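Q: One-letter residues, chain by chain:
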Amino acid sequence: MKIAVVDYGMGNLRSVTKALEHVAGNDAQIILTDDPAVVASADKVVFPGQGAMPDCMRELEQRGLKQVVLDAARSKPFLGICVGAQLLFEFSEEGNTPGLGVFKGKVVRFPADKMHDEHGQKLKVPHMGWNEMFIVHEHPLWAGIPEGERFYFVHSYHFVPAEDIAVIESAYPYRFAAAVARANIFAIQCHPEKSHHAGLKLLENFVHWNGCY
Amino acid sequence: MSLAKRIIPCLDVTAGRVVKGVNFLELRDAGDPVEIAKRYDDQGADEVTFLDITASSDDRDVILHVIEAVASQVFIPLTVGGGVRKVDDVRRLLNAGADKVSINTTAVTNPEVVRDAAARFGSQAIVVAIDAKQVSLPGEPLRWEVFTHGGRKHTGLDAVEWARKMQAYGAGEILLTSMDRDGTKIGFNLPLTRAVSDAVDIPVIASGGVGNLQHLVDGVIEGHADAVLAASIFHFGEYTVRQAKEAMRAAGIEVRL
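Residue numbers (this note's numbering), protein chains in the order written: chain X, 1 to 213; chain Z, 214 to 470.
Simulated from the structure, these hints should not be mistaken for laboratory data.
Predicted model, so just to flag it, every value in this text is computed and none were measured.
You can trust all of the hints, since none of them are fake.
Only pairs whose alpha carbons sit at most 30 Å apart, straight line, appear in this in silico BS3-like list of lysine-lysine:
#1 Lys114(X) <-> Lys378(Z)
#2 Lys122(X) <-> Lys346(Z)
#3 Lys398(Z) <-> Lys346(Z)
#4 Lys398(Z) <-> Lys122(X)
#5 Lys2(X) <-> Lys201(X)
#6 Lys76(X) <-> Lys201(X)
#7 Lys299(Z) <-> Lys18(X)
#8 Lys106(X) <-> Lys201(X)
#9 Lys18(X) <-> Lys201(X)
#10 Lys18(X) <-> Lys251(Z)
#11 Lys104(X) <-> Lys66(X)
#12 Lys122(X) <-> Lys378(Z)
#13 Lys346(Z) <-> Lys299(Z)
#14 Lys378(Z) <-> Lys299(Z)
#15 Lys122(X) <-> Lys106(X)
#16 Lys18(X) <-> Lys66(X)
#17 Lys2(X) <-> Lys76(X)
#18 Lys2(X) <-> Lys18(X)
#19 Lys104(X) <-> Lys76(X)
#20 Lys251(Z) <-> Lys201(X)
#21 Lys366(Z) <-> Lys346(Z)
Please put together the full structure from these sequences, using the hints given.
A: Have a look at this one:
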């Protein structure tokens with residue numbers, strides 16, 4: 001089995017690749033690639049992303065990867081991570097960027113007027129560090145991961161789905177969708193590749209996932 | 214609100230080995246970076262920071278191999294700093310497996326590197342390290358200035374203003390070290406930490422002076438730090454990261470345990 005990690009020049013994809021290799025063992029070949037044909041022929045696709053969304057969208061288009069990513073999102077087990085997850089929505093406030101529109105909804109910045117805790121202390125943006133994950137809907141990729149487990153986040157924007165696709169929520173300070181899923185697609189805001197045992201469990205579940213939800 | 218405050222062990226690395234200086238002098242050998250990073254990972258460290266203190270430019274690439282080796286075995290965020298001069302240095306460290314790169318002296322001498330690196334790799338990957346010393350005299354309002362070159366060179370920059378400026382340049386996080394406290398084990402400089410943390414919207418890591426677990430608690434509660442960094446208390450086995458987290462939790466601080 002081949003799992004393609006889509007490399008469109010945005011950010012460090014080594015962590016994602018290393019973590020997938022670590023959990024896949026001999027069960028899957030992990031291929032970091034910027035070649036549309038390799039993405040198209042892979043059995044599963046991981047779509048990461050770091051940095052600013054306008055740059056990510058531009059690079060995706062310039063490297064001729066937009067269409068194969070869209071095709072993969074329609075047809076095979078697909079995992080979006082961080083900005084890769086944000087790109088699946090219709091629109092982002094970051095640079096007023098149109099996204100791929102795989103999911104209905106938009107990506108918004110943590111609003112400055114809400115960034116304080118119950119004691120009135122300022123909450124920093126980016127939302128950086130380990131936060132709790134609450135299960136909204138059971139999902140095969142979350143098998144074996146307990147309620148309230150912490151994952152590593154680093155982001156200033158988060159997605160707001162306009163359809164009922166949230167499977168995991170976190171809170172900072174308000175509840176927001178931390179992972180969404182529909183059919184063969186799972187998209188997560190935080191970084192499973194940097195989230196220790198729980199994050200590796202999620203990636204391991206993806207390696208063995210048949211794409212059904 | 215349930216974001217955990219982070220505990221970050223720091224490994225000073227030279228020529229591929231972990232050392233920890235006291236007041237930046239007299240280095241003691243503390244071991245193999247991969248082994249130590251794995252030990253901290255097992256203990257529940259939230260991140261690990263590597264500070265490359267290699268003096269010779271001939272040995273610069275050794276840190277890349279260290280990071281590669283650690284990144285293939287440790288699945289928590291890794292920050293690397295020390296000797297970062299160009300955007301290309303940032304790129305090479307990220308490609309080796311670092312998640313964040315910390316920029317210190319170069320941020321002062323050439324702040325455009327911070328702006329360019331943040332634009333290219335995202336603010337989440339760029340930490341600006343600030344080494345600050347108190348310059349106000351007793352009785353005067355507290356004031357701290359930025360020092361570079363391992364604390365030897367005075368810049369005249371106000372540390373709080375500098376932190377704000379680096380946020381504006383795209384830094385995603387500030388690593389704030391009190392040069393007066395580093396290696397002393399008498400605790401963080403809390404007024405400095407609080408002044409910087411309250412002045413910026415990005416997370417601030419407190420560093421310099423940790424000698425016991427109460428100091429970590431004070432850094433968060435009194436210093437308003439988002440994360441606390443320590444080296445020697447962990448290296449020489451005085452405390453485990455887990456003990457540190459238990460102490461923080463007992464003090465009412467949200468931690469990942």
